[in-house]
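Protein chains in written order, with the working numbering: chain G, 1 to 433; chain V, 434 to 834.
Hints in this document: simulated from the structure, not taken from any laboratory.
Certain hints may be false.
Under 8 Å between C-beta atoms, here's a sample of chain V residues computed to sit facing chain G [said to hold, decoys possible]:
(1) L527
(2) G528
(3) A529
(4) A537
(5) E659
(6) L702
(7) Q704
Note that beta-carbon positions come from the ideal geometry of N, C-alpha and C, so glycine has one too.
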Amino acid sequence: MSLDSPLLEIDPLLDDLRTRIIVCCGSGGVGKTTTAAALGVRAAERGRTAVVLTIDPARRLAQSMGLTELDNTPREVDGIDGSAGGSLHAMMLDMKRTFDEVVVNHSDPERARAILENPFYQSLSAGFAGTQEYMAMEKLGQLRAQDAWDLIIVDTPPSRSALDFLDAPKRLGSFLDGKFIKLLMAPAKVGGRAGVKFLNMGMSMMTGTLSKVMGASLLRDVQTFVAAMDTMFGGFRTRADATYRLLQAPGTAFLVVAAPERDALREAAYFVERLAAEDMPLAGLVLNRVHSSGAAQLTAERALAAAEALEDFAEANGGPEQGGADRGGENLAAARIVDHRPGKADAGTPDGTQDRTEGDRQAPSERLAAGLLRLHAERMQVVARERRTRDRFVSVHPEVPMVDVTALPGDVHDLEGLREIGLRLAGAEEVAA
Amino acid sequence: MTGKGGTGKTTAAAALALALAAEGRRVLLAEVEERQGIAQLFETEALPYEERKIASAPGGGEVHALAIDAELAMLDYLDMFYKLGRAGRALRKLGAIDFATTVAPGLRDVLLTGKVCEAVRRKDKAGWPVYDAVVLDAPPTGRITRFLNVNDEVAGLARVGPIYNQAQSVMRVLKSPQTAIHLVTLLEEMPVQETMDGVAELRAAGLPVGAVIVNMVRPVLLADVELAEVVSPDGPGAEAAGTGGGTATGSGSGRSVNGKRRAAVAKALSQAGLGGARRGGVAERLVDPLFAQAHEHAQRVVLEREQRAEIAALGLPVRELELLGDGVDLGGLYRLAESLRKQAVAGTVPDPGAPTGTVSDDPEGWGSGSIAGTDTSTGTGTGTGTGTNGTDGTETNEVDE
Ligand SMILES: Nc1ncnc2c1ncn2[C@@H]1O[C@H](COP(=O)(O)OP(=O)(O)OP(=O)(O)O)[C@@H](O)[C@H]1O
Ligand SMILES: Nc1ncnc2c1ncn2[C@@H]1O[C@H](COP(=O)(O)OP(=O)(O)OP(=O)(O)O)[C@@H](O)[C@H]1O
Ligand SMILES: [Mg+2]
Ligand SMILES: [Mg+2]
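Looking at chain V on its own, in the form it has when it is part of the complex (with noise of 0.2 Å):
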């Protein structure tokens, strides 16, 4: 899940991973920006770098969530491949590991999304996919396709060896189908014309897209001829904007159609018992505030439908989320998820794999069994490394070892 800063992808991405237990699925819910916004949004402690439930649906499915640490991912894969212990926690120690992922945002970026594939991938002991779902909440779109595009970025540092293979293994899973990235938005110009961006970029690095999400959604409360009526640069709104709104002025002239108008409005909110409908009278005088305040309405509308036109020809399937006036609470999230259940996001999620009657071997040797041996709810059938690849015609197959 990417898009612009602040446009609702924790939100967006924590509401897919419910809709998606709500179906039944087992889900792991990932953030990799080291902001504890999952924790925020469900209103629980920090999370560690572990695996940990945090909302049961109904179906019997799960959301669990991690948010993963880019050092202590680096840690677990240098003891994984190196065996190197103490000196692994040295060289964090000195500053080494924060270095290397700063100065090399390739390096982290491989590392954050290798365990995201990782997760993935990881089988159970008979050889079901832990995971039906993986949801990230991913980097903004700004960042997004360098970050995903991990081979790309790390070819300059490494041509040969663990980092470039692990990179090649992460890149097959994220261009497979198995894929989808989505892209949350606003209705306004600037998401929108990165999220275009972003999408074009995506395609270009021929990674898979996936949806559009319109979050923050308003209603739009007047009808199209309404909205036609009072946006209309000669209708009552537009006048009624031009006097600033606040005060009844004489441009309700009562002959000009306009006025014409205006005073039946004022008739009408007079008969529902807001006032008298003569000119100075109590319905009379709401009458243009509420004109400009509708021709404002209009004139947003046409806006967002403007940017709705650019959405749609991306050609991507658009969902929608609604503004939830009080903001977001467990409850808002969960009224999000019904919704976007019902819009059938959770619909492009492809099905669980089949169980491959195999123990799966850990392709990246540095599985759930390795994350600082803490993963107590999920760490089965990992972390074995026997190498039986090649029965099971799934991702595992391919991976370098």
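Bound-form chain G, shown alone (with noise of 0.2 Å):
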């Protein structure tokens, strides 16, 4: 290891007490809710009384946990081991029913059903760039108060930049607080002043403009629901206010996620550095998706070497052996071309490969060897170009502690599989790599 960092202690994290709220954020696609769930998972056994709030899981690790039903609130999953006194509760956010709460609990039930069905309230609720991390906090906000869990731990929703689930809340706040919506409201809110007379000439002017471009039944769609929502801006920010509070608490830790590629590690950083800026605890950094080698003595260059000189061997010895006869050089060749073409990759069936025994079918020993030499070079490539990439993060954050997650070799989609990256977690992987 060329340059190193602290290494980020999951299980003291985890069997602290004084740890209530999780957080797993990252850039899109790097592990953030494959995290989440593994650290619900090992938690809960190791007896924390605990609850996964998993934004958009993929769907058979969503079944493995038990969340099929959307109904926006905790279930316990089935399978955990309670021996240390701990569970698990689970629950998928449900964007717009959160949101369908939120008005609910906090306006009469008459206004309520005015926004509920107005057409700018059911676009808002469902499409604004920020709705969802709003509502994740949201949420949090809710379980937190619900007092039920003694840990709670918060997937992030897919987005391009880690630092969304930070700034999304306030761009629907400033939003929801624009000139505009203020504007739209101004004639009920202010008294009969100077200002007032060029904001309704303002006004009048505009709602001209608007309702030739919209049509009229569509401006006044706008303005009941501005009329509407008023009532609750107040509370939005409120409650956002505190949640953002809530984050910044020192039972809180932030789990940065990154995969080992330059894109995914520059958002780290930039997430770090905006975690710092805002006095929000840091716990560290999990390296996701790591490749690491078994046999890391032999470099990639000597392994290239030794493999051509097996298949220059075993060329010269004219093939095959071992009753291969219906594998022939050229054959064997052509499949070790890049596997470019779909159909001939279509042609197995998914676990064709399976169905055969050793022995009636054996590739040469040499060929095997040489195959196993130029998977171990690319390997040994890959390693190489991981550990660079760390290595520019760590010299510029040596303080931030990491873990290593190895790459499981295919997805992660049940609690086995949980289970499997929770120990990586821990820095069982340590040992082995």
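Hints given; two lone chains; assemble the complex.
Pasting the structure below:
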């Protein structure tokens, strides 16, 4: 390992009863949801009463955690080992429903209905760029207030930038707070003074224009919507601020998840800096889907040279042996070519590779050894590349504790896989690598 | 070009544009998400809301790029239809346009897609299309159907009037054979699932699906028999993986089938100069970790084949782009373009239309001539609005005035 950073120790973090909230953030597709779920399983099996709030989990993962019903409340996850006295609840965020709940809980029934039925509310609640982040925070606030769990693990919405999680709620706030919305409501709000006259002039010019463009009924919808939402704006902001403070509290720990790729680590660096600026407590960085090799002593170059030597040897010895008669050198060469043609790859049934027994059809050992070496060379190149990317991050942020989570060969879609990730999060991989 | 977030939409869109240009076409590459993805990829400064040439190809083809900005498109539109001028800018200052495009995403989408369709239809003085092809780096799969199906989105807002007409004419282009919606995916569960769902949605909406582009394809380095051997649960690969792959254990007893195989591989490694083949020898100690890696590789190949089978079931053309080990720089982008060209994604894009011999009108009324008056590279033959409909048998015939 070229550059060192402190090891991020997950188990002490999970075991510390003062840890009340863990937020997993990072750029898109790096493994936030997987990490959050794995932490939930591990925390529960170590005795915490945990709940994990997931956002858009992969279908099979959701099923394995019993998240088949979208009722926006946490459900207990079956199959958790409760012998340490812990338990795990999990839920999948339903953004629209959470928004609806906020509306219903913070306005009288009549007004609530007016809002819920308004077409603008519907597109705002389903489509505004910051709504998902805002609602995740809202839900976090609710879960915290329920006080039924001693550890809340929060996944964050898929977005390009990890910063969205911190910025988006404010964006919604400032949108609702915007000049234009104020203006739409101005006539009702301000008493008759000079400025108002100007505003009203602006208003009528504007409403004139808008109704010309959008049609009068549309404009009426906008105005009813804004008027109805008006009473709630204050509440929105107050709660968003409260949740923001919650994120700054000492019981909160941010885990930044990143893949060992340039873009993801660049995002991670921005996020680390931002957390510091906002006084939000960073626990460390999870470097997910890292590759390692058990044969790291053999360099890529030597492996390739040896592979070539073996291939030459096999060539010279006239190809097939050990009953692999159907598989001449040509065929082999063709099969090794980068697997570009989809048609060719589709020809094998997905598990067709398994229904042959070794013995009746086996590649010559030299060929197999050459293949193993080529694979190894590729692996070593990946390892080297990942290390370079990682070092770049470490040289900028040597203070950030890190843990590597090696890539599993397949997707993570059941409790077993989550436990496996949990082990790696806890640093169990260090030994092997 | 759509696909799950991060799968390579921008990369694939740019590669397709370059591939088309390499065949001598004049291509517009447009983005709508206000992220300057194109500029980043081409290593140029941020693109304004203005068409710029960003690449030319040996065959005389060119790629122009445009970052479409919803607010500015809205201003154009207001200007064109309502001669709003200063009032429009005042509205913008007040945040009205931001408000309108936020609270009514359908409106925003109709403006963005409208701009794209305008570029598709734009003709020069001689009646030739200004662009032979327009490639759009579109929103991700989760939003693509809503984005393109502007008609439905806008129907709730406006049943008559210019916005409605605009939506209608956009829909006609998008649903015509002139359009092909390509989906980018990786050979992983979630992106493939999203692709399946996306295709189903697009089809249900009557939008023309093009090809599936499988991106970041990694080479398969073992032959099928070898894969079968190392992936088998009682093969040497699984056994090695079970040991953690790090140390040589007693599993290679030398008598079992696997033991013999390992010994033979150790011997081969030793022959290749990698050390001793005896128990505990340098070459022998490589065997387990190498088999463990091969086992993982084979498991991945099996999973990828499952994903491929799902993709194949869609019955769409499939193209592949290899994983570039060092990320996508300009050189890499050209390589991907060349690969696409060979695979003839380019072939799915219709040939440029015939010249019509008439000066095309600008049916939208907010064509390139109106792009804040800044369009220097392509601003010909538009904005005359003389109503010469009905002579050329192309899209422009049907457009509502
Ligand atoms: N260590 C790992 N090894 C193998 N596969 C992994 C690993 N971590 C995550 N994955 C897989 O990667 C995919 C993406 O992971 P995940 O859904 O957790 O990412 P995410 O950051 O939540 O993505 P999004 O931004 O889309 O929400 C999933 O299919 C998951 O199973
Ligand atoms: N074939 C490839 N080989 C290696 N890296 C690739 C390849 N294709 C894309 N990438 C890299 O993957 C990342 C995502 O690609 P890109 O930006 O094109 O995706 P996108 O789908 O447009 O993402 P977004 O959803 O954020 O717009 C980039 O860093 C890009 O360089
Ligand atoms: Mg996720
Ligand atoms: Mg993109």
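Just pull the numbers of the violated hints for me, sorted ascending.
-> none
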